[in-house]
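Number of protein chains: 2
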Amino acid sequence: MGVSAVVRLGVRSATSEASVNSITLFVVLLCLCILIGHLLEKNRWMTESVTALLIGLCTGIVILLNTKGKSSHILVFNEDLFFIYLLPPIIFNAGFQVKKKRFFQNFMTITLLGAVGSLVSFVIISLGSMQLFKKLDIGFLEMGDYLALGAIFSATDSVCTLQVLDQDETPLLYSLVFGEGVVNDATSVALFNAIQKFDLSHINSTIAMEFSGSFLVLLFTSMVLGVAVGLLSAYIIKKLYLGRHSTDREVALMILMAYLSYMVAELFDLSGILTVFFCGLVMSHYTWHNVTESSRVTTKHAFATFSLVSEIFIFLYVGMDALDIEKWKFVKESPGTSVGVSSILLGLVLVGRAAFVFPLCFLSNLTRRSQADKIGFKQQVTVWWAGLMRGAVSVALAYNWFTMSGHTQQRGNAVMITSTITVVLFTNVVCGLLTKPLVRFLLPQQKQFDSIMMSSESEMSLAMPLLLANGEDSKSNMSSDNMPRPSSLRMFLTTPTRSVHYYWRKFDDSYMRPVFGGRGFVPYAPGSPNENMHQSLLGEQIIVE
Amino acid sequence: MGVSAVVRLGVRSATSEASVNSITLFVVLLCLCILIGHLLEKNRWMTESVTALLIGLCTGIVILLNTKGKSSHILVFNEDLFFIYLLPPIIFNAGFQVKKKRFFQNFMTITLLGAVGSLVSFVIISLGSMQLFKKLDIGFLEMGDYLALGAIFSATDSVCTLQVLDQDETPLLYSLVFGEGVVNDATSVALFNAIQKFDLSHINSTIAMEFSGSFLVLLFTSMVLGVAVGLLSAYIIKKLYLGRHSTDREVALMILMAYLSYMVAELFDLSGILTVFFCGLVMSHYTWHNVTESSRVTTKHAFATFSLVSEIFIFLYVGMDALDIEKWKFVKESPGTSVGVSSILLGLVLVGRAAFVFPLCFLSNLTRRSQADKIGFKQQVTVWWAGLMRGAVSVALAYNWFTMSGHTQQRGNAVMITSTITVVLFTNVVCGLLTKPLVRFLLPQQKQFDSIMMSSESEMSLAMPLLLANGEDSKSNMSSDNMPRPSSLRMFLTTPTRSVHYYWRKFDDSYMRPVFGGRGFVPYAPGSPNENMHQSLLGEQIIVE
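Keeping their order, the protein sequence lines are chains A and B.
Counting in full-length UniProt numbering, the first sequence runs from 1 upward without gaps.
Counting in full-length UniProt numbering, the second sequence runs from 1 upward without gaps.
Derived from the structure by calculation, the hints contain no laboratory data.
All values derive from a computational prediction rather than experimental measurement.
Don't take every hint at face value.
As the list claims (entries may be wrong) - EDC-like, lysine to aspartate or glutamate: derived pairs with alpha carbons at most 20 Å apart:
1) Lys239(B) - Asp508(A)
2) Lys197(B) - Asp269(B)
3) Lys42(B) - Asp168(B)
4) Lys238(B) - Glu41(A)
5) Lys197(B) - Glu17(A)
6) Lys99(A) - Asp166(A)
7) Lys238(A) - Asp166(B)
8) Lys99(B) - Glu17(B)
9) Lys436(A) - Glu41(A)
10) Lys99(A) - Asp373(A)
11) Lys378(B) - Glu169(B)
12) Lys239(A) - Glu41(B)
13) Lys99(B) - Asp373(B)
14) Lys238(A) - Asp508(A)
15) Lys101(B) - Asp168(B)
Said to hold, decoys possible - Chain A stretches covered by chain B per the calculated footprint, using a threshold of three residues with CB under 8 Å from any CB of chain B:
16) 237 to 245
17) 252 to 261
18) 264 to 270
19) 416 to 430
Glycine included, every Cβ here is placed at the ideal spot set by N, Cα and C.
Chain A with its partners taken away, still in its complex shape:
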């Protein structure tokens, strides 16, 4: 170890220079994407992710031309970078910013779509590729390879989904598609890990049962871990009241504990994605309300910023990496095969998603009483379409599987990786460009209707601070509980049902909040008069979502 350190430090100037170069390039490109994203904000078609993908592709081409076709990418796609540094902030922020009420009101549907849906999609893509690939000459693929393909292409890109659907314009769809995406990602990664570990060459019912059992345990444990870390952070910050001395310690502790939840999950081979998502949910429900006002503003925007930068980085990265020459050499030899594989996979993704979205939405509608609350056909089409995108998770898993050192099937592997990239690029660009117009075409009333809902909600939130300021926070909360926030105006007018959510709120108010804080818990203001004034001026403004 000492020797390796000596060697590594000796060549520092070379490696360091390379990393300085590529970091500078990436930072410049990130700035560019943010500026272009800002200028295109009102554009109907382009999203930030497509912009980043295209900028990444262009940069890849420029580098390719400059290095005379030697290497298109400055950074080789690095799974660690993706799974350890880029993904956690995105998923955490999603949990942190998600509208919790809506998420939990649709919890069953989301879980159905996410967990059962990815299993259906996994089975269809695995079996489909097994049947259809036989006719193509792509070398020998093992059983495990087909299963891996199923897992790889079952992972919806929840990041892209965030970009094309708007939480304010289509709140129900957003929470469905996005919530599904998170559970789906977790499911796919968990499936993938399970495939790597289990010997699946001869499946029988015992192994299948064992597999599903350990899978469910994994999902449950991951959730519990996320909730536990979130509650621990709330408890520590409430008890020690860090903001007394320094706002920065609170912010640092929140960031570190959020990250810790992910890393601990990874350490114990759980699903870090699911853990960090639930940690985000709990932190926004409890911890966030226990910190000082400045910390609230800071964490809210800092998490969103981390997430934004990570997203753009991922798309830049995928775009730049797409042009890696080595992989495309094999494609050149037999372009027909590659096109065939890509088309088959794309078709299977379309069919696989249709095969669970429509039946599961039908099932979910059976449990919904009022007509207005049901998920309409046009909405189902939107859910199906918006979840078609495959993204960085698929790329990362494909790299992981098809570049294993033990593998010798160089040609087949290269074809699989290029096909994955093709599918990712195609779904991102096509779905990315068409989803916004599609949503506006399919759900024009929805949008208007929701904007009315929104404005009435924002009026409520403007009225809330006054109530809260009078110290009646718990009462006003309770009264808004008794009338559960309507997911549609008609439902609100007919039957205000007592949902699971209602009982949860009662439990929360009686047992959880006294221990872990949460909305309504107001920490003492730190010493300085300045801070004091700031605090009282800003008041409870931001507490209300």
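Model the placement of chain B on the given structure of chain A, informed by the hints.
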């Protein structure tokens, strides 16, 4: 490249697992340090850095015992990690949060102490070690090695300094010692780089002239680059007004451009430390005032948080790395030599610092007219003492020099590295523990006096928003210019002199602010009524430092 990627990804599970382990450990330790730092906040002796150092040492010992003496550190000290990721946020935040008026009022003294001071210290330590090491049996050291030692031990640890002095309690000393520390770090690193590049085995006057010339050009170019990037960010954010659509883009752009300034400086072999420091100064003067209220709160606290976490990380790291077994083997063979080298270096550090602090403060006092404005002897002692600490910069430079692959003098190198670590640990623990009590012992009135100053200032800053709210921002600014803020009460009562600062303010108001924004520039509030209200409620609260 393709092949290496295949190999690297193939062994992913092993490397990835190791990094997950060590990241988890570090995150846990960071949380621990933050909590302990919070609990020890009011403690007279301990600072966060000493805590982190001790926790790092303890963890090192625990790992050492667990791995049965094989390896004490989980992460080998990695210069890239330090110089590319950890140092920039600390120095940027220092520039961002420093009290600009006080910094510029003492600009000459700071530059004198920082640039000339480190040169004096460098010469003394180089010559001293050259003379004194002859008597010790530590193998053959070349001319370059002695010069490198001079540069390594001239780098004051500005991070530690931040911890022991309080900007509010002793503002003059803080700005002197800290400002000096930044210039000093930059000077040392620049010197070090120059030593690596120039052939210094036979120095003559031409080479010396060339050396100093390129050195001054380097300092100047670095500053200009930092200012340019800062102004560019201000201009972009003012022109495009990113906050219109999303606060997060503003925050992201500020973070990215700050980092960009550092990376570009490194790319062109300039002093990234100096560049990012000046970028921070400019950003807090212009850019910060051009963004929305939420972005202001977020950036202020997010930068401070990054800085805090990086600082703690560095100390943990140095602490854990200190117990690397390989290096101490040589020490075991001849403990006397090691103790001798460490003591000599420590003595030279003490003498080298004394040799420039007292004369330069004397020079600086000659230019100060009023008695109260002069730097008293007790204050000089504090400046001398507070800058004795050597930290991560020294360790990083020592690793860089004494573990070069070309070097064969294993034994001498090991002794140099262990001695560096010894000096760093000793100065940190001893100075870290004694500085707070020393400041209170030497400057008891100073503290009281400054706290009076502070309270009157904070009253002023509370009155300011009212003036600003009446739209008289430029007038009120001008009037406060005509009475330059006194650095002492007596000076204020005698002669309100027109300083460089006064002319700068006039220039700033007439030419810079119309283009780059800055205090008084109020961006339009983004669309939502919520945001609007928030903005108007919080008003200009935070604009005033």
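Hints, one by one, checked against the model:
1. Lys239(B) - Asp508(A): violated (47 Å)
2. Lys197(B) - Asp269(B): With Cα atoms ~11 Å apart, Lys197(B) and Asp269(B) stay inside 20 Å; holds.
3. Lys42(B) - Asp168(B): holds (15 Å)
4. Lys238(B) - Glu41(A): holds (17 Å)
5. Lys197(B) - Glu17(A): With a Cα-Cα distance of about 15 Å, the restraint between Lys197(B) and Glu17(A) holds, given a limit of 20 Å.
6. Lys99(A) - Asp166(A): holds (12 Å)
7. Lys238(A) - Asp166(B): Violated, because 27 Å separates the two Cα atoms, which is more than 20 Å.
8. Lys99(B) - Glu17(B): Judged against 20 Å, a Cα distance of about 44 Å means the pair is violated.
9. Lys436(A) - Glu41(A): holds (12 Å)
10. Lys99(A) - Asp373(A): holds (18 Å)
11. Lys378(B) - Glu169(B): Since the Cα atoms of Lys378(B) and Glu169(B) sit roughly 15 Å apart, the hinted pair holds (cutoff 20 Å).
12. Lys239(A) - Glu41(B): holds (16 Å)
13. Lys99(B) - Asp373(B): Distance of about 18 Å is within 20 Å: holds.
14. Lys238(A) - Asp508(A): holds (16 Å)
15. Lys101(B) - Asp168(B): OK: Lys101(B) and Asp168(B) at ~14 Å, within 20 Å.
16. 237 to 245: holds (count 3)
17. 252 to 261: holds (count 7)
18. 264 to 270: holds (count 3)
19. 416 to 430: Our answer is that it is violated, as 0 residues pass the Cβ test (under 8 Å) against chain B, missing three.
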